[in-house]
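S.K.: This is what each chain is made of:
There are 2 protein chains.
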Amino acid sequence: MPRSVAAHRQAVVELLTTARAAKGNLRLPLLEALGKALAGDVYAPLSLPPFPNSQMDGFAVRSAGIPDGGAELRVAAPVPAGASPASLKAGFAAPIMTGAMIPDGADAVVPIEKATPNTFPEPAAADALVRLPPVAPGTYVRHSGSDIETGDLALAAGTLLGPAQLGLLAALGLDLVEVREPFRVLLVTTGDEVVEPGQELAPGKIYDSNGTLLEASMRQAGMEVTRTGISDDNPDTLLSVLHRYTQDPRNPVDIIVTTGGVSKGAYEVVRQAMSGQAVDFLPVAMQPGGPQGLGTFDGTPFLGFPGNPVSCLVSFEMFLRPALSQVQGTPAPRPVQRARLAEPLTSPDGKHQVRRGSVGTDGILRMEGGAGSHLVHALARANALVQIPSDVTELAKGDEVEVWML
Amino acid sequence: MPRSVAAHRQAVVELLTTARAAKGNLRLPLLEALGKALAGDVYAPLSLPPFPNSQMDGFAVRSAGIPDGGAELRVAAPVPAGASPASLKAGFAAPIMTGAMIPDGADAVVPIEKATPNTFPEPAAADALVRLPPVAPGTYVRHSGSDIETGDLALAAGTLLGPAQLGLLAALGLDLVEVREPFRVLLVTTGDEVVEPGQELAPGKIYDSNGTLLEASMRQAGMEVTRTGISDDNPDTLLSVLHRYTQDPRNPVDIIVTTGGVSKGAYEVVRQAMSGQAVDFLPVAMQPGGPQGLGTFDGTPFLGFPGNPVSCLVSFEMFLRPALSQVQGTPAPRPVQRARLAEPLTSPDGKHQVRRGSVGTDGILRMEGGAGSHLVHALARANALVQIPSDVTELAKGDEVEVWML
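Heads up: the sequence lines are chains D and V, in that order.
Numbering-wise, the first sequence is residues 1 to 406 according to our numbering.
Numbering-wise, the second sequence is residues 1 to 406 according to our numbering.
These aren't lab readings, by the way, just hints derived from the structure by calculation.
Computed from a prediction, not measured in an experiment: that's the story for all the values here.
Among the hints, erroneous ones may be present.
From the structure, some residues in chain D lie toward chain V, with a derived Cβ separation under 7 Å [said to hold, decoys possible]:
id: 1; residue: Gly82
id: 2; residue: Ala83
id: 3; residue: Ala86
id: 4; residue: Tyr140
id: 5; residue: Gly204
id: 6; residue: Glu215
id: 7; residue: Leu282
id: 8; residue: Leu379
Calculated cross-link-like contacts (lysine-lysine; reagent style DSSO-like; alpha-carbon spacing at most 30 Å) [claimed, not checked]:
id: 9; chain 1: V; residue 1: Lys89; chain 2: V; residue 2: Lys114
id: 10; chain 1: V; residue 1: Lys264; chain 2: D; residue 2: Lys114
id: 11; chain 1: V; residue 1: Lys89; chain 2: D; residue 2: Lys264
Note that CB positions come from ideal geometry on N, CA and C, so glycine has one too.
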């Protein structure tokens, strides 16, 4: 009986968990960590804000010093952002800029608009006076630690580091961050029929799109990719390629991914090359991308994807990418939405079908091409993978389906 | 009257359109074009599939040669993928593998499972026979051009090149692609109070998170970023930094972005430095990120963002990023969803409020932190920007709001 999509994904998670256990961490400048996953919990080395500061341009005051009817106060030296002001004396109000430190003795800010006069006096003006209304303590004060307190958890291990997370680390004064070392993948496309783009195309041959499609997907997912070039349908060729790369200590391989040669035909190069290795070839109850290989080659985690480009992309998106998100923390999972079908659909019983479609701004889902796994032009127009569970065989126009946004 | 969000975004679009007109294109290997935008329309130099091929492992036959009751046929030489087979003679069936070229004279494939015997004979077996059921013409044949025909539009100018689009170009045999040259941005953070992460923090000072946050955002959006380091609150310092970088012919600048110094306070370094330049400082009816500068500095497009980190991120996401998507073709627009509020919200009348929140797998939106534009820890927990239109002042728990997924 074919394996379910969930069971096969779990098997890929376990394979990556093993691979992850053998990997280390890297200490990187913040910007080099963009898109990588945090290695360990980070605790705040300081509070944010580090000191109480003003949320407005205005006057810093002691609120208790202004009675209900307001008060006329003497104008103290102005407090620009970045300054460490003197304590505020009783009877004074200090002009203060947004972000500037609240002086000791002050506990509230009156915005400049509410002052009389409603402009700041010239800094040189001695003995200037300002009339201010009463104000509740804490008004327009950003308290120290109101965003995060010293010692609190800032970011948890495994957090994917995007702009906001790196911005937080910078705000905390950190210029280096420890991230999980990316997985290094060895990517081998196979097939006598496959030719590198840019070369001459003899009759019966096709250009290799799997290598480009998967390398791009893997790079976006944070993997480091080594390509071997195309391996032909002779198992000995494939074995010698795999041995050459996996035995090179200068360029260690964490995961091998092959494309093609995993079905039940007469010439299945990956199946043949893996005989004697701890690799299972099995049907997953999914269309496209049903035939899958999974195991280890000489101890290195191994995934064998099928040979059609849409099958490759679906295999990556359904198995490897979610497993990377879960085990490595990068990439972010695909956003999941629900969308309404613009047209009826049928799907084979007992197979989870993954179709390609485009969700418009109206939330309506239009199919891109048919079910065929060779339709790479249709794939290039799609913005979503359409998930049709294995027990669903018919859907009507207007029915809601789950889509994964690409 | 403050400018609307839409009107300011349109002004940024116009600024970038001018900048775009001065830029060229680059011809790159496919993988280097990942995440960039196609410069011109690409038409298919060949059809996909390039030749009719088999969708199954089975026997290629002439359908007219098998009567209703089936037929016993002689087994021809097998056709592996990649081969250019001889024509099929009458009375023969050719073993054919998935993806292999349909021989001249054949017009359908009978899957191996329906053959008797249901395995392929040894290639050396002469005079082997196979019994096959009748089959309709075209069965399990992928016709040449069924995905795309020679000369058809494959990808339109401006298409963002992701894995599927690069895979299509590879399938079409292209190894180079012409993309729009990325924008080069000069990023200047300003403020006497701001210190580089990793340095000592004196009282009253804060660490610069804007530089990291915006550089990361801009890189993800496909921009090339030059950082000047922090410029202090002296307008002459800022002017000399801007002159030094914009007059360096080795490193031309397409767009200048500054942070801070655009409000109405007493020390607004960017406003002061831009006096005499064609730069407008204006309120946009948005919170946070209301004060904005926009124009040209010595002819170079200029954007002045406010100084708080959340304001910077919101300015980038609401104005620069969508304008880049529209004008440059990269990055992809943020996915827009609707989500239900976990809690009631209030919002100021007449201002489009952008709050930060997390949409759970249950579709429920929880706020991350309050409205304060300094809450960078809360920002780092959010996965969505919550869009509250300017005419909405109150929302109840369970109300639906628009969110942009980060």
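S.K.: Look at each hint and say if it fits the structure.
M.R.: Status of the hints after comparison with the structure:
no.: 1; hint: Gly82; verdict: holds, 3 Å
no.: 2; hint: Ala83; verdict: holds, 5 Å
no.: 3; hint: Ala86; verdict: violated, 12 Å
no.: 4; hint: Tyr140; verdict: violated, 11 Å
no.: 5; hint: Gly204; verdict: holds, 4 Å
no.: 6; hint: Glu215; verdict: holds, 6 Å
no.: 7; hint: Leu282; verdict: violated, 17 Å
no.: 8; hint: Leu379; verdict: holds, 5 Å
no.: 9; hint: Lys89(V) <-> Lys114(V); verdict: holds, 21 Å
no.: 10; hint: Lys264(V) <-> Lys114(D); verdict: holds, 15 Å
no.: 11; hint: Lys89(V) <-> Lys264(D); verdict: holds, 27 Å
Hint violations for this structure: numbers 3, 4 and 7, all remaining hints satisfied.
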